[in-house]
Amino acid sequence: MVTDIEQLDLGKRYSYADYITLKFKERVELIKGKVFTMPPALSRKHQKISSFFHGELYQLLKKSSCHLFAAPFDVKLSNKDDATVVQPDICVICDKSKLKDFGCETAPDLIIEILSLGNSHKEMKDKFLVYEEKKVKEYWLVSPQEKSILNYSFQEGRYIGSKPFVSGETAVSVWLNGFKVNVDEVFEE
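Under this note's numbering, the very last position in the sequence shown is 320; numbers go up by exactly one each time.
Think of the hints as simulated: they come from the structure by calculation, not from any bench.
There may be inaccurate statements among the hints.
Simulated restraints, written as ranges between beta carbons of each label pair [said to hold, decoys possible]:
| hint | residue 1 | residue 2 | range |
| --- | --- | --- | --- |
| 1 | 305 | 156 | 35 to 43 Å |
| 2 | 137 | 315 | 40 to 48 Å |
| 3 | 293 | 135 | 40 to 48 Å |
For lysine-lysine, the following BS3-like pairs were computed, each having C-alpha atoms within a straight-line distance of at most 25 Å [what the hints assert, rightly or not]:
| hint | residue 1 | residue 2 |
| --- | --- | --- |
| 4 | 266 | 163 |
| 5 | 256 | 207 |
| 6 | 227 | 207 |
| 7 | 311 | 176 |
| 8 | 165 | 256 |
| 9 | 311 | 266 |
| 10 | 165 | 143 |
| 11 | 194 | 231 |
| 12 | 194 | 311 |
| 13 | 193 | 156 |
The C-beta atom is built at its ideal place from N, Cα and C for all residues, glycine as well.
Start from the sequences, fold in the hints, and give me the full structure.
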């Protein structure tokens with residue numbers, strides 16, 4: 132059992148069985164067997180944006196069969212050959228059979244990731260590729276620095292991106308009927 136993050140060899144590939152034995156306070160994600168550390172505490176701005184999305188989605192989904200979760204919440208996207216466990220900022224799962232005691236097994240329907248300093252590369256490249264491979268129906272990347280939202284929807288075997296949604300515009304979901312947000316409200320101080 133690993134009880135200190137210093138015991139990890141960040142160059143090694145880990146399995147899901149390894150992941151569930153990690154017993155330290157730091158949060159990590161596993162993408163194709165590679166360990167990625169997560170920031171110890173999210174900024175106030177990050178938390179505010181996450182709360183905004185959670186509130187909007189809660190209102191939309193409260194009488195539906197879909198389930199809404201916020202990090203920390205494990206999403207296991209592993210298959211036989213790789214180990215991937217992520218903790219999206221926000222995720223929506225409409226197939227109850229995907230929900231397990233530990234979190235979600237297989238792809239959520241909608242994932243929203245909020246970029247912060249130090250995680251942009253992971254969110255924009257590593258997670259993008261995994262989410263596309265696992266066929267997450269829709270993936271939103273929210274950039275507090277740019278005050279913009281990128282929306283990718285899974286169509287014809289790959290992600291199709293919208294133009295960036297910026298100030299003065301409304302970001303609209305391709306997959307989740309009725310989900311739209313005013314970009315200025317998302318980033319309002």
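Status of the hints after comparison with the structure:
At roughly 38 Å, the beta-carbon separation of residue 305 and residue 156 lies within the given 35 to 43 Å, and the hint holds. At about 43 Å, the beta-carbon gap between residue 137 and residue 315 stays in the expected band of 40 to 48 Å. In this structure the hint that residue 293 and residue 135 lie 40 to 48 Å apart at CB holds, the actual value being about 43 Å. For the hint pairing residue 266 with residue 163, the CA-to-CA distance comes to about 16 Å; that is within 25 Å, so the pair holds.
A distance of roughly 18 Å separates the Cα atoms of residue 256 and residue 207; the hinted pair therefore holds under the 25 Å criterion. Annotation: proposed proximity of residue 227 to residue 207 holds, straight-line Cα distance about 15 Å (limit 25 Å). A hinted pair counts as satisfied when its Cα atoms are at most 25 Å apart, and residue 311 with residue 176 qualifies at roughly 20 Å. A distance of roughly 14 Å separates the Cα atoms of residue 165 and residue 256; the hinted pair therefore holds under the 25 Å criterion.
Annotation: proposed proximity of residue 311 to residue 266 holds, straight-line Cα distance about 21 Å (limit 25 Å). About 7 Å separates the Cα atoms of residue 165 and residue 143, which keeps this hinted pair within 25 Å; it holds. For the hint linking residue 194 to residue 231, the alpha-carbon distance of about 21 Å falls within 25 Å, and the restraint holds. Between residue 194 and residue 311 the alpha-carbon distance is near 17 Å, which keeps this suggested pair within the 25 Å criterion.
Between residue 193 and residue 156 the alpha-carbon distance is near 32 Å, which puts this suggested pair outside the 25 Å criterion.
Consistency with the previously given hints fails for number 13 only.
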